[in-house]
Amino acid sequence: SQQGEEDPQALSIQEGENATMNCSYKTSINNLQWYRQNSGRGLVHLILIRSNEREKHSGRLRVTLDTSKKSSSLLITASRAADTASYFCATDLSGGSYIPTFGRGTSLIVHP
Amino acid sequence: GAGVSQTPSNKVTEKGKYVELRCDPISGHTALYWYRQSLGQGPEFLIYFQGTGAADDSGLPNDRFFAVRPEGSVSTLKIQRTERGDSAVYLCASSFGTGRNEQFFGPGTRLTVL
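Just so you know, the sequences run in chain order L and P.
So in our numbering, spot 47 of the first sequence is number 47, and the numbers just go up one at a time.
So in our numbering, spot 50 of the second sequence is number 50, and the numbers just go up one at a time.
Don't read these hints as lab results, they were simulated from the structure.
One thing to keep in mind: the hints can contain errors.
According to the in silico footprint, chain L covers these stretches of chain P (three or more CB under 8 Å from chain L) [stated by the list, open to error]: (1) 37–48; (2) 101–109.
As a list, the in silico SDA-like pairs of lysine to any residue whose alpha-carbon atoms are at most 20 Å apart [claimed, not checked]: (3) L/LYS26 with L/ARG80; (4) P/LYS11 with P/GLU83; (5) L/LYS56 with P/LYS11; (6) P/LYS11 with L/SER39; (7) L/LYS26 with P/THR112.
Computed far set for chain P versus chain L, every beta-carbon distance over 10 Å [claimed, not checked]: (8) LYS11; (9) TYR18; (10) ASP56; (11) LYS78; (12) VAL89.
All C-beta atoms, glycine included, are put in the ideal place defined by N, C-alpha and C.
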């Protein structure tokens, strides 16, 4: 079963707009990570946010974590065509083994 | 420094054959993971190594799947009597320390079972 689920499944925007993707999970976590995947091959790590953190920034990326709602969001500001990719959240269960569990991902298309 | 490498990049085999997929992690990374990803899905965990030992193999779908990491570095995922349903991209990732850290993924091996 999948711990994290991204929403929406697909997102299509124009270059320059902001893109927001959400991740919901079911049980307590140690940390949550966001990854990007191009062309169905290797994933690239974007941001790791720990359960005691509420917000993190990295360049044009902003991640928030609300443990009370068991949800996280990834915001990409001023999107570019090169941001077109699939985005996944991965959760690491609290007290569990060190196995990040991935959702099905959000497919983002940024039109130039 | 080199990233995680996987060979071959593509593998086409016939149903019933045996295949081996190789993963070279980043030097010094003690944790190594294998995942399988089908089209439109996220990576599905298969097995996790900490050093030479399999710390968690709960994701292996059945006994046709086996993985080794004899010297704590390179790992090989072995699939016996392949089935068409085994067709997927097999991803390897490594991380430093316990594994609760950023994972670095290889480019994957696309396995096609005819």
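(message) Against the 20 Å threshold, does the CA-CA distance of L/LYS26 and P/THR112 hold or violate the hint?
(response) Answer violated: L/LYS26 to P/THR112 is near 34 Å, above 20 Å.
(request) Determine whether the non-interface label on P/LYS11 survives the test: each CB of chain L must be over 10 Å from its CB. (result) holds (14 Å)
(request) Classify the label on P/ASP56 as holds or violated, using whether its beta-carbon is more than 10 Å from each beta-carbon of chain L. (result) At about 5 Å from chain L, P/ASP56 fails to clear the 10 Å cut-off, so the statement is violated.
(message) Under 8 Å between beta-carbons, do enough residues of the region 101–109 of chain P, three at least, approach chain L for the coverage claim to hold?
(response) Three-residue rule met by the region 101–109 of chain P, so holds; n is 8.
(request) Verify that the Cβ of P/TYR18 lies farther than 10 Å from every Cβ atom of chain L, and report whether the claim holds or is violated. (result) Since the minimum Cβ distance to chain L is about 24 Å, P/TYR18 lies beyond 10 Å and the statement holds.
(message) With the threshold set at 20 Å, check whether the alpha-carbon distance from L/LYS56 to P/LYS11 stays at or below it.
(response) violated (40 Å)
(message) Please check whether the beta-carbon of P/VAL89 is more than 10 Å away from every beta-carbon in chain L.
(response) Non-interface label on P/VAL89 violated, nearest chain L Cβ at 6 Å vs cutoff 10 Å.
(request) Please confirm whether P/LYS78 is truly not at the interface, meaning its C-beta sits more than 10 Å away from all C-beta atoms of chain L. (result) Since the minimum Cβ distance to chain L is about 21 Å, P/LYS78 lies beyond 10 Å and the statement holds.
(message) How does the region 37–48 of chain P fare against chain L when you require at least three residues with a CB closer than 8 Å, holds or violated?
(response) Our answer is that it holds, as 9 residues pass the Cβ test (under 8 Å) against chain L, meeting three.
(message) What's the verdict on P/LYS11 and P/GLU83, does the C-alpha distance respect the 20 Å limit or exceed it?
(response) It holds: about 14 Å lies between the C-alpha atoms, which stays within 20 Å.
(request) Please work out if L/LYS26 and L/ARG80 have their alpha carbons no farther apart than 20 Å. (result) With a Cα-Cα distance of about 32 Å, the restraint between L/LYS26 and L/ARG80 is violated, given a limit of 20 Å.
(request) Take the C-alpha atoms of P/LYS11 and L/SER39, compute the straight-line distance between them, and say whether it is at most 20 Å. (result) Satisfied, since the Cα-Cα distance of roughly 17 Å is no more than 20 Å.
Hint compliance for this structure: hints 3, 5, 7, 10, 12 are broken, all remaining hints hold.
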